[in-house]
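Going down the list, the protein sequences come from chains A and B. Sequential numbering from 1 applies to the first sequence in the working numbering. Sequential numbering from 74 applies to the second sequence in the working numbering.
Be a bit skeptical, because a hint or two may be false.
To give an idea of the chain B side of the interface with chain A (calculated C-beta under 10 Å), a few residues [as the list claims (entries may be wrong)]:
1. Asp80
2. Gly270
3. Ile272
Think of the hints as simulated: they come from the structure by calculation, not from any bench. Glycine residues also receive a C-beta, built at the ideal position from the N, C-alpha and C atoms.
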Amino acid sequence: MPPEEPGRITVHLDRLLEERGMTVTELAERVGVTPVNLSVLKNGRAKAVRFSTLSALCRELGCRPGDLLDYEN
Amino acid sequence: MRWDRNDGRALMAVLWVAAVLMGGLAVALPIARMAGIGVSEVRIPVELDRAVSAPAGLSGDGIAVEGTREAALVVTDPSLGQRLLTEGPTLLSGALALAVLVLVIRMAATLRDGDAFAPANPRRLQMVAGLVLAGTVAVPLVRALAVDRLSAQAPAVSEAVVFGFGVSLTPLVAGLVIAALSEAFRQGVKLREDTEGLI
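Extracted from the complex, chain A is given alone in its bound form (with noise of 0.2 Å):
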């Protein structure tokens, strides 16, 4: 969501990946998804995320939708 509006969706993707000690590239090609588009996610420019990519970097990053998504007013 754009940030000017009330309240958005954050994505902690670049603190996970940190922790973990991967690359967007390694990351991305997990998932299967283009590195590119991982990026626009990690930087909070993603529109929407389907249920099979936020089950798959779960799967890979090892954690739940909420500690990869949160919401903010």
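Given chain A's structure and the hints, the job is docking chain B onto it.
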């Protein structure tokens, strides 16, 4: 088979060659002939009231040659008005075809760049459909009017030539199919916009 960038480049090259040929043969040449450059006579296809006679004796073993009602109205040492009448239908047809090619080239450029559902493409397809449908009606009508005006200048010719025009089914159906394709592309553009930013 998968469409790649080289296929896109090849398509662009073919379309550009077609556009240059169309521009030269179907637009520039009729204009030159209208201006009287290298013109000693002009011709326009016509339909005769009766079929012409084929040479005698052209038959055997159940196979024969018959005359047809198709002919050409020939004007020797044409005036400016007569040149405009005979070359007008060709110029109109060529101009419409060239406009279609220009639009198709622009669409092919987006296909080459991997963006078939570019926002401008549905509108371009609609314009192509409009040009094809317009040409289907306008070109035969202009040709019929030209034949009528030319043959009226010679009573003996006027009696032998049939006035009338018909709309060909093939380009008419093609125009309608292209119009339907433009709607499909419009929905594709909408889907693309809906999924932009979807990971």
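Restraint check, 10 Å cut-off on beta carbons, for Ile272/B near chain A: 5 Å, holds
Residue hint Gly270/B, partner chain A, criterion CB-CB below 10 Å: Hint on Gly270/B: holds, closest Cβ of chain A at ~3 Å, below 10 Å.
Does Asp80/B meet its interface restraint, that is, does its C-beta lie within less than 10 Å of any C-beta in chain A? For Asp80/B, the interface hint is violated, since the closest Cβ of chain A sits about 22 Å away, which is over 10 Å.
In terms of the numbered hints stated before, the structure departs from hint 1 and from no other.
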